[in-house]
Amino acid sequence: MSKGQYRVGHRRSRLIPVLGAVVVSLLLAGCGKDKPQVTVGLITKQETNPFFVTMREVAQKTAGEDNVKLLTATGKSDVDNASQVAAIENMTARGAKGILITPADSTAIVPAIEKARRAGLIVIALDTPTQPGSAVDALYATDNRKAGELIGRYAKAKAAGSDPKIAMLDLAPGITSGQLRHDGFLSGFGIGPGDPEIVGSVNTEGNKVKARAGMAQLLKAHPDINVVYTVNEPAAFGAADALKAAGKSDRDVVLVSVDGGCDAIKKGIRPGIIDATAQQYPENMANKGVEAIAAAARGGPKPSGYLDTGVELITDAPVKGLPSKNEAFGVRNCWGKRP
Amino acid sequence: MAATSVTQADSHPKARLVYPKLTIPFILLILCFAAWGSAANLTDVLVGVFRNIFDMSNFQSALVQFAYYGAYFSLAIPAALINRRYGYKTGVLTGLGLAALGGLLFIPASRLLQYSFFLLALFVLAAGLSILETSANPFVIAMGPERSATQRLNLAQAFNPVGANIGVLLGAVLILPNITSEAKKTIMGPAELRRTQESDLSLVLGPYLGIASVLILIWLLIAFRKMSTPAEEVQGEGSSGALGRLWRNRHYRYGVAAQFFNVAAQVCSWTFTIQYAQDVVGVPTEHSGWYLQASLILFLFSRFLMTYLLGKFRPTLLLALMGALGVVLCGIAMFSLNMVGLYAVVGISLSLSLMFPTIYGVALQGMGEDTKFGAAGLVMAILGGALLPMVHGRVMDQVGAALAYAVPGACLALVTCYALFDLRTNRGGGQLVAEGAHH
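Chains as they are written, first to last, in my numbering: chain U, 1 to 339; chain C, 1 to 439.
Misleading hints may appear alongside valid ones.
[Said to hold, decoys possible] With a cut-off of at most 30 Å between alpha-carbon atoms, the simulated DSBU-like pairs for lysine-lysine come out as follows:
1) K320/U to K184/C
2) K266/U to K184/C
3) K185/C to K266/U
4) K184/C to K337/U
5) K35/U to K302/U
6) K156/U to K184/C
7) K21/C to K226/C
8) K267/U to K226/C
9) K69/U to K184/C
10) K325/U to K21/C
11) K69/U to K185/C
12) K267/U to K185/C
13) K325/U to K185/C
14) K97/U to K156/U
15) K185/C to K302/U
16) K185/C to K97/U
17) K146/U to K184/C
[As the list claims (entries may be wrong)] Using C-beta positions, here's what the derived DEER-type ranges look like:
18) S336/C to K69/U: 41 to 47 Å
19) R424/C to E65/U: 56 to 62 Å
20) S199/C to G272/U: 36 to 42 Å
21) D308/U to N178/C: 22 to 28 Å
[What the hints assert, rightly or not] Some chain C residues close to chain U (C-beta under 7 Å, calculated; not the full set):
22) E182
23) A183
24) I187
25) Q278
26) D279
27) V281
28) P284
Simulated from the structure, these hints should not be mistaken for lab results. Glycine residues also receive a C-beta, built at the ideal position from the N, C-alpha and C atoms.
Using the sequences and the hints, build the whole thing.
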């Protein structure tokens, strides 16, 4: 190869400063939050349940993006009302414009909420409604009935062609979310309370150990159970243990649940132990809640009524005519511990 | 080998890097090397991003790579013709202009919200970069004395992985953390979904406009800088019968196939790293880009390590070992559905790092006058990067992100077979042909 020689001019390049300016402009794109700061409180039931941890983390992220100062507090357990009452008073005193709360006791918390509202705060219940519902400005929660319906329809389709023998692993009497899921499942399956296809029910309190014991008891009386409804995923894993101990394979029984936690998607849906689950999104509860209070405090509309925070049927064995998302979607959008 | 004659006195013991007064043009060309590295690896990020924004299958999102590498493949010969007829400077300017146009086409694409327009924009961008790359390599070689040609080319090419890392960084910092989550979209109505799609696509637009701006700037600086292009070489058309000779040479023939599968394995691995992190392990979207970044950094540093090891061991022995390692890592990725699997996916870059230059050198070893013609075939094996990601995407849609790593695993197994073939047929030693040295 032969080559010629270059002749170049003497101008000095201003390339580097110009490029620097382009890069800086790019990096600055998307910044520039000039909204007035708003203080918002978030009170969850407890910090051991990953559902509430996710809620707090998303609220903190949203707050950071929306110039919101977020105050957080949590109870010591699912039934710790006293801590929540103290947190409401504390946040009111610290100038919060609104509070997001997952009530540990739907009724006992109402006086504290009403006091805060009289002081001018906006209160939104997340996940769990208050009794009465009018005690708060708005409720942002999963449509639990719809969640139950989705897994009911799925179980019906999967059990088609067989003689369904249904076991109901419920939450506990008088808890609204559990009752709505139960009713939704029956509706989705196309049956009513007391239908002969339901061979037995047990209250599990959403606990794996109690669910395992309850399922074992039901199997003893009805070894031909082939459809199992569980109110949440710990209960589903308890049921799966009992089914395995009774010599039943994953293919013998249709096992459905509600929640969509990361553990359940990876260890339940992925290996086929749980056939389908209705995934709920604490992310949307927290995100929409923070945004709504911040917007109202800045002169926007005051939140009111009920916001459905979404639910999707997750399964790796979809059935015809029932929209669902696969396990990969479930993993991407699950709540709980993430790497 | 490099240029056969020089017009500059280079009798000093150590040849200067570039001819006098060519420092600035050389720096500008280095920026070009970085620019196409950025664009290429930002595309890896885009596959996952488009899957989210347009709610499409993995196969459909892999069309991004088909458009990108398909353009690279299609434009390789036209680019050579432009250089031959109009010179390297014209080739560089054509490439820069076309690539900048591709970047600017992201503006109407993001307004129209049509995936096909983004594919068109990517095709034009990659077409420009293909011409740019074809022109810039010989341009760099011709910018200084022959003795320092390899050093010059290596220096310029070192900026390609730097650019590649910047490309992924742009995606990891500017796009992925700000993409609307699928969970949020589950409660949106059609109007809000459309607004979200617009704002997410504007995130994609930003980095490409940035790349287009840089390319336009370089175009202006080169276009208005007075420089003569080097005299064109006499093309080796006298190498009649080269195709037949090449075809009869099994080392070359299998080498092209090995390069096809190597590029395929590389593009598949990098294209679907983010999806593996998200779908299999559950890494949040905003953090998932960092694993691709880690892959590229590992690739970069491994290249230095492999350069050292290549001086100690027979290249195809190392190629066989690294190919086998890649197969094992793909196997781990398929069956360890957790962080170990993700680390294995990142680790594949270690095995990939020596493959392109090694296959290139082994396949062209002892080719004599057919080297240049043969090199074109090896470069065109980039087609593997256009085709196999679609296969990977289709498999992923059927069996999931983890098991789909069987696709790059199979590609790496075939590369290993090539290395074993070379070891068994034992052609003896001899120096390998370095990438770009035939220009």
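Do the hints match the structure? See the list:
1. Annotation: proposed proximity of K320/U to K184/C holds, straight-line Cα distance about 26 Å (limit 30 Å).
2. Note on K266/U and K184/C: the hinted pairing holds, with a Cα-Cα distance of about 21 Å set against a maximum of 30 Å.
3. For the hint linking K185/C to K266/U, the alpha-carbon distance of about 22 Å falls within 30 Å, and the restraint holds.
4. Taken as a hint, the K184/C and K337/U pair is honoured in the structure, with Cα atoms around 19 Å apart against an allowance of 30 Å.
5. At most 30 Å may separate the alpha-carbon atoms for a hinted pair to count; K35/U and K302/U meet this at roughly 18 Å.
6. At most 30 Å may separate the alpha-carbon atoms for a hinted pair to count; K156/U and K184/C meet this at roughly 29 Å.
7. For a cut-off of 30 Å, the pair hint linking K21/C to K226/C stands: about 11 Å separates their Cα positions.
8. Using a Cα cut-off of 30 Å, the hinted pair K267/U and K226/C is violated, with the two alpha carbons roughly 66 Å apart.
9. As the CA atoms of K69/U and K184/C are separated by approximately 22 Å, the hinted pair is consistent with the 30 Å bound.
10. The suggested pairing of K325/U with K21/C is violated, with an alpha-carbon distance near 61 Å, which exceeds 30 Å.
11. Between K69/U and K185/C, the direct Cα distance comes to roughly 25 Å. Compliance with the 30 Å bound is thereby established for this hinted pair.
12. The straight-line distance between the Cα atoms of K267/U and K185/C is roughly 25 Å, inside the 30 Å bound, and the hint therefore holds.
13. Proximity of K325/U to K185/C is assessed by CA-CA distance (about 13 Å); at most 30 Å being required, the pair is judged to hold.
14. Taking the CA atoms of K97/U and K156/U, the gap is about 47 Å. The hint is violated against a cut of 30 Å.
15. Annotation: proposed proximity of K185/C to K302/U holds, straight-line Cα distance about 23 Å (limit 30 Å).
16. Taking the CA atoms of K185/C and K97/U, the gap is near 27 Å; set against the 30 Å cutoff, the hint holds.
17. Straight-line distance between C-alpha atoms of K146/U and K184/C comes to about 18 Å, which keeps the hinted pair within the 30 Å bound.
18. A beta carbon spacing of about 42 Å between S336/C and K69/U agrees with the range 41 to 47 Å that was offered as a hint.
19. Taking the beta carbon of each, R424/C and E65/U are about 60 Å apart, inside 56 to 62 Å as hinted.
20. Distance hint check: the CB atoms of S199/C and G272/U are about 38 Å apart, consistent with the given range 36 to 42 Å.
21. Under the hint 22 to 28 Å, the C-beta atoms of D308/U and N178/C, about 25 Å apart, fit the expected range.
22. Of the supplied interface hints, the one on E182/C holds, with its beta-carbon coming within about 5 Å of a beta-carbon of chain U, less than 7 Å.
23. Because the closest C-beta pair between A183/C and chain U is about 4 Å apart, less than 7 Å, the hint holds.
24. At a threshold of 7 Å, the smallest CB-CB gap from I187/C to chain U is about 4 Å, leaving the interface hint in force.
25. Taking 7 Å as the C-beta contact cut-off toward chain U, the hint placing Q278/C at the interface holds, the least distance being around 5 Å.
26. Taken as an interface hint, D279/C checks out: its beta carbon lies about 4 Å from the nearest beta carbon of chain U, inside 7 Å.
27. The beta carbon of V281/C comes within 6 Å of a beta carbon in chain U, closer than 7 Å, and the hint placing it at the interface holds.
28. Contact between P284/C and chain U, as hinted, is supported at the beta carbon level, the nearest pair being about 6 Å apart and thus within 7 Å.
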